[in-house]
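Colleague: Take a look at the letters that make up each chain.
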Amino acid sequence: MIKILNQLSGLYIREIKTTFRSPAIIVLSIVQPLLWIIFFGSSFASAPRSFLEDFFHTDNYIAFLLAGQLSTSMLFVGMFSSLSLIQDKKSGYLRRILVTPTRNHTIFLSKVLGASTRGMLQVPIVFAGVMLFGVQIPDMIGILAFIVSLFLLSLGLSSIYLFLTMKSSDWQIPTVIANFINLPLMFASTALFSNENFPTWMQTISNLNPVSFSSTFGREIIISGNIANVNWLYFSYLLIFATTMLLIGVIVANKTLKID
Amino acid sequence: MYGSQTAVDQINLQIKSGSIFGLLGPNGAGKTTMIKMLTGLSKPTKGKALVAGYDVTTHSLKVKENIGWISSEVILDDSLTIMENIWIQSRLHSLNNTWKKKAIGLLKYLELDEKDNKKVGKFSTGMKKKLEIIMALLHDPKVLFMDEPTIGLDANSRRLLWRLIKKINAQSGVTILLTTHYIEEADVLCDDIAIINNGKIVASGSPQQLKSRANGDIVEIDFFSYFDYKVLESVSGILEIIQIGLENSDKAKRTTSESSLRLRIKVRNAETILPELISKITEFQPTLIKSIKIEKPNLESAFLELTGKRFEEIEETTYDQK
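Read top to bottom, the protein sequences are chains B and W.
Counted from 1, the first sequence has number 234 at position 234 by the working numbering; the numbering is strictly sequential.
Counted from 1, the second sequence has number 261 at position 261 by the working numbering; the numbering is strictly sequential.
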């Protein structure tokens, strides 16, 4: 066990160091969600208050969007885990790791944890940014609970990306998968709008969509300002989702991860 | 197997502990595939291999604990410093806190100690190779695999690395298995060599033993135009005449339509036979010879004796087939 933790910590810290030494990645990870919130969130700035309260259950659409947008960002974070593995395959670094007594699933877990940590980078910056638009920030426990839910979502989504691209060394594959699954998962969720007015089939997808779990859970915290009235069922779903995807990823990694 | 192709076939090898063993063969001979199997990166479809006393198929993690590996191309994380690269290696082998002391000693030994906090991306290939050696030795492996260790290095760096490999082997007693397609490298470095071609070991032994298999000298002559070289067979001391580029099975098709001709003539002693050979050719036509190359017994002529082809001829054929 200690051996696995040593190996995991080495590979995880490598992922983090690589991220922090690339200013472009840091800037893009922070600016992109902030721009989303500012531009998309402002699209209802002049909407009548009654409309906002009826439709979004708040008078500030940015407050409604915040949890959904951060959840949607985790879809793109998942893609980074795939790209990082492909980079290691292309550069031969994966081979360097595989000639040491490191098991495939340790490599998989380091990529998933690295990408998820990278995803968390944007959370404090985005929270600070939305304060300028009058969004009230929840208490520390609330923020922490929301961050954990985002982390679980990110673990699950990164795992999906990784096990779908485990065998590939082609840079284009993660992008193709992202184009294929990100948009449906984003729109068929409660990330941007409430699903009350969705058609039944889309409501069904939305109710099974992990992006909805995280969006709704976070939104309840942000709007109420604390965790007093949140529905923990969404959090439980996220926990099950992350655990299941991680387990599938571990199995797939042990069976299929290899050098070209 | 590599796809549907048999990359390594019926190999039977035993390597002495503490020795430097060379796997010599042209590109595409199966050397890297063999290293992959011995380091647990790919599984043989049949057969058994033991490295450091462990079966590579059933105990691959144990094998990996006991081996070091240096790749043909440099594989490091360029965004990290020397010490960070070494630290990750120490984590992957789950080394205790003594790794740093060992690393500092090795850095000093390889004269990289003043650069330990610099990012490796800006280093020369030679320096990166040294770092790879440090990383490969950090956990005191029993066997060190070096896959074409000097490929891409200039002649000076190559000689420096040879000295270093010899020194490491002498001081640490680690068994080294290296693959190379540089004949000189195998000759200088290795205690024992196996010559591999088409996935099969065609000969093995010490460099001296292998050289002794090259029976006689080789004279290679390039001619400006074709002539009936059968007349040369009457020269005493000639063991064999081969027209290069013409396979054995095609000998019957020998044709005069060739614009130029290259002969490989195996002789007992090149120096004594050459005057008579040249006079026989010039007698036929005075300006026929383009160039003459004489080769004394060496590993390459041993390879030629064993396979009928030189390294580059096999590599050219492989390239053409691709």
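There may be inaccurate statements among the hints.
Pair by pair, the computed Cβ-Cβ distance ranges are [to be verified]:
{"#": "1", "chain 1": "W", "residue 1": "191", "chain 2": "B", "residue 2": "92", "range": "49 to 57 Å"}
{"#": "2", "chain 1": "B", "residue 1": "180", "chain 2": "W", "residue 2": "45", "range": "50 to 58 Å"}
{"#": "3", "chain 1": "W", "residue 1": "171", "chain 2": "B", "residue 2": "128", "range": "14 to 22 Å"}
{"#": "4", "chain 1": "W", "residue 1": "200", "chain 2": "B", "residue 2": "254", "range": "53 to 61 Å"}
{"#": "5", "chain 1": "B", "residue 1": "254", "chain 2": "W", "residue 2": "114", "range": "24 to 32 Å"}
{"#": "6", "chain 1": "B", "residue 1": "180", "chain 2": "W", "residue 2": "53", "range": "14 to 22 Å"}
{"#": "7", "chain 1": "B", "residue 1": "203", "chain 2": "W", "residue 2": "125", "range": "27 to 35 Å"}
{"#": "8", "chain 1": "B", "residue 1": "92", "chain 2": "W", "residue 2": "162", "range": "21 to 29 Å"}
{"#": "9", "chain 1": "B", "residue 1": "92", "chain 2": "W", "residue 2": "119", "range": "15 to 23 Å"}
{"#": "10", "chain 1": "W", "residue 1": "156", "chain 2": "B", "residue 2": "180", "range": "48 to 56 Å"}
{"#": "11", "chain 1": "W", "residue 1": "78", "chain 2": "B", "residue 2": "180", "range": "52 to 60 Å"}
{"#": "12", "chain 1": "W", "residue 1": "114", "chain 2": "B", "residue 2": "183", "range": "49 to 57 Å"}
{"#": "13", "chain 1": "W", "residue 1": "166", "chain 2": "B", "residue 2": "25", "range": "42 to 50 Å"}
List of simulated lysine-lysine pairs, DSBU-like, C-alpha gap at most 30 Å [claimed, not checked]:
{"#": "14", "chain 1": "B", "residue 1": "3", "chain 2": "W", "residue 2": "108"}
{"#": "15", "chain 1": "W", "residue 1": "211", "chain 2": "B", "residue 2": "3"}
{"#": "16", "chain 1": "B", "residue 1": "258", "chain 2": "W", "residue 2": "119"}
{"#": "17", "chain 1": "B", "residue 1": "17", "chain 2": "B", "residue 2": "167"}
{"#": "18", "chain 1": "W", "residue 1": "211", "chain 2": "W", "residue 2": "293"}
{"#": "19", "chain 1": "B", "residue 1": "17", "chain 2": "W", "residue 2": "100"}
{"#": "20", "chain 1": "W", "residue 1": "48", "chain 2": "B", "residue 2": "17"}
{"#": "21", "chain 1": "B", "residue 1": "3", "chain 2": "W", "residue 2": "62"}
{"#": "22", "chain 1": "W", "residue 1": "48", "chain 2": "B", "residue 2": "255"}
{"#": "23", "chain 1": "W", "residue 1": "102", "chain 2": "W", "residue 2": "46"}
{"#": "24", "chain 1": "W", "residue 1": "108", "chain 2": "B", "residue 2": "258"}
{"#": "25", "chain 1": "W", "residue 1": "166", "chain 2": "W", "residue 2": "102"}
{"#": "26", "chain 1": "W", "residue 1": "166", "chain 2": "B", "residue 2": "255"}
{"#": "27", "chain 1": "W", "residue 1": "211", "chain 2": "B", "residue 2": "89"}
{"#": "28", "chain 1": "W", "residue 1": "62", "chain 2": "W", "residue 2": "118"}
{"#": "29", "chain 1": "W", "residue 1": "119", "chain 2": "B", "residue 2": "3"}
{"#": "30", "chain 1": "B", "residue 1": "255", "chain 2": "W", "residue 2": "211"}
{"#": "31", "chain 1": "B", "residue 1": "90", "chain 2": "W", "residue 2": "293"}
{"#": "32", "chain 1": "B", "residue 1": "3", "chain 2": "W", "residue 2": "101"}
{"#": "33", "chain 1": "B", "residue 1": "89", "chain 2": "W", "residue 2": "293"}
{"#": "34", "chain 1": "W", "residue 1": "48", "chain 2": "B", "residue 2": "167"}
{"#": "35", "chain 1": "B", "residue 1": "255", "chain 2": "W", "residue 2": "46"}
{"#": "36", "chain 1": "W", "residue 1": "211", "chain 2": "B", "residue 2": "90"}
{"#": "37", "chain 1": "W", "residue 1": "43", "chain 2": "B", "residue 2": "167"}
{"#": "38", "chain 1": "W", "residue 1": "266", "chain 2": "B", "residue 2": "258"}
{"#": "39", "chain 1": "B", "residue 1": "17", "chain 2": "W", "residue 2": "118"}
{"#": "40", "chain 1": "W", "residue 1": "200", "chain 2": "B", "residue 2": "3"}
Source of the hints: derived by calculation from the structure; they are not laboratory data.
Backbone N, C-alpha and C define an ideal beta-carbon position, used for all residues, glycine too.
Colleague: Work down the list of hints and note, for each, if the structure agrees.
Modeller: These are the hints, each one checked on the structure:
1. The hinted window of 49 to 57 Å between residue 191 of chain W and residue 92 of chain B is violated, with their beta carbons roughly 29 Å apart.
2. In this structure the supplied range 50 to 58 Å is violated for residue 180 of chain B paired with residue 45 of chain W, their Cβ-Cβ distance being about 36 Å.
3. Range check, residue 171 of chain W to residue 128 of chain B: about 57 Å between beta-carbon atoms, so the 14 to 22 Å window is missed.
4. For residue 200 of chain W and residue 254 of chain B, the hinted distance range of 53 to 61 Å is not satisfied, since their beta carbons lie about 33 Å from each other.
5. A beta carbon spacing of about 42 Å between residue 254 of chain B and residue 114 of chain W contradicts the range 24 to 32 Å that was offered as a hint.
6. For residue 180 of chain B and residue 53 of chain W, the Cβ-Cβ distance of about 49 Å falls outside the hinted range of 14 to 22 Å, so the restraint is violated.
7. Take residue 203 of chain B and residue 125 of chain W: their Cβ atoms lie about 60 Å apart, and the range 27 to 35 Å is violated.
8. Evaluation of the 21 to 29 Å hint for residue 92 of chain B and residue 162 of chain W yields a pass: the beta carbon distance comes to about 23 Å.
9. Hint check: residue 92 of chain B to residue 119 of chain W, Cβ distance near 18 Å, so the stated range 15 to 23 Å holds.
10. Remark: the range hint 48 to 56 Å for residue 156 of chain W to residue 180 of chain B is upheld by a beta-carbon distance near 53 Å.
11. Hint check: residue 78 of chain W to residue 180 of chain B, Cβ distance near 32 Å, so the stated range 52 to 60 Å is violated.
12. Residue 114 of chain W and residue 183 of chain B have their C-beta atoms about 53 Å apart, which keeps the hinted 49 to 57 Å range intact.
13. Taken as a hint, the range 42 to 50 Å holds for the pair residue 166 of chain W and residue 25 of chain B, whose Cβ atoms sit roughly 44 Å apart.
14. Distance check on the hinted pair: residue 3 of chain B and residue 108 of chain W sit about 28 Å apart at the alpha-carbon level, within 30 Å; holds.
15. For the hint linking residue 211 of chain W to residue 3 of chain B, the alpha-carbon distance of about 47 Å lies beyond 30 Å, and the restraint is violated.
16. For the given pair, residue 258 of chain B sits about 28 Å from residue 119 of chain W by alpha-carbon distance, which is consistent with the 30 Å threshold.
17. With a C-alpha separation of about 25 Å, the suggested pairing of residue 17 of chain B with residue 167 of chain B holds against the 30 Å cut-off.
18. The suggested pairing of residue 211 of chain W with residue 293 of chain W holds, with an alpha-carbon distance near 18 Å, which does not exceed 30 Å.
19. Our distance criterion of 30 Å between C-alpha atoms is met by residue 17 of chain B and residue 100 of chain W, whose separation comes to about 20 Å.
20. Annotation: proposed proximity of residue 48 of chain W to residue 17 of chain B is violated, straight-line Cα distance about 41 Å (limit 30 Å).
21. Between residue 3 of chain B and residue 62 of chain W, the direct Cα distance comes to roughly 13 Å. Compliance with the 30 Å bound is thereby established for this hinted pair.
22. Our distance criterion of 30 Å between C-alpha atoms is met by residue 48 of chain W and residue 255 of chain B, whose separation comes to about 22 Å.
23. For the given pair, residue 102 of chain W sits about 39 Å from residue 46 of chain W by alpha-carbon distance, which is inconsistent with the 30 Å threshold.
24. Taken as a hint, the residue 108 of chain W and residue 258 of chain B pair is broken in the structure, with Cα atoms around 35 Å apart against an allowance of 30 Å.
25. Note on residue 166 of chain W and residue 102 of chain W: the hinted pairing holds, with a Cα-Cα distance of about 20 Å set against a maximum of 30 Å.
26. Distance hint between residue 166 of chain W and residue 255 of chain B is unfulfilled; the C-alpha atoms sit about 39 Å from each other, more than 30 Å.
27. Our distance criterion of 30 Å between C-alpha atoms is broken by residue 211 of chain W and residue 89 of chain B, whose separation comes to about 40 Å.
28. Our distance criterion of 30 Å between C-alpha atoms is broken by residue 62 of chain W and residue 118 of chain W, whose separation comes to about 33 Å.
29. With a C-alpha separation of about 27 Å, the suggested pairing of residue 119 of chain W with residue 3 of chain B holds against the 30 Å cut-off.
30. A C-alpha spacing of about 46 Å is found between residue 255 of chain B and residue 211 of chain W, which places the hinted pair above 30 Å, so the restraint is violated.
31. The straight-line distance between the Cα atoms of residue 90 of chain B and residue 293 of chain W is roughly 43 Å, outside the 30 Å bound, and the hint therefore fails.
32. Taking the CA atoms of residue 3 of chain B and residue 101 of chain W, the gap is near 20 Å; set against the 30 Å cutoff, the hint holds.
33. Of the supplied pair hints, the one linking residue 89 of chain B and residue 293 of chain W is violated, its CA atoms being roughly 45 Å apart against a limit of 30 Å.
34. Between residue 48 of chain W and residue 167 of chain B the CA atoms are separated by roughly 27 Å; this keeps the pair inside 30 Å, and the hint holds.
35. With a CA separation close to 20 Å, the supplied pair residue 255 of chain B and residue 46 of chain W stays within the 30 Å bound.
36. Between residue 211 of chain W and residue 90 of chain B the alpha-carbon distance is near 40 Å, which puts this suggested pair outside the 30 Å criterion.
37. Of the pairs offered as hints, the one joining residue 43 of chain W and residue 167 of chain B holds, with about 17 Å between alpha carbons and a cut-off of 30 Å not exceeded.
38. Pair hint residue 266 of chain W plus residue 258 of chain B does not hold up; C-alpha atoms about 47 Å apart against a cutoff of 30 Å.
39. Annotation: proposed proximity of residue 17 of chain B to residue 118 of chain W holds, straight-line Cα distance about 14 Å (limit 30 Å).
40. The straight-line distance between the Cα atoms of residue 200 of chain W and residue 3 of chain B is roughly 38 Å, outside the 30 Å bound, and the hint therefore fails.
Checked against the numbered hints given earlier, this structure breaks hints 1, 2, 3, 4, 5, 6, 7, 11, 15, 20, 23, 24, 26, 27, 28, 30, 31, 33, 36, 38 and 40; the rest are met.
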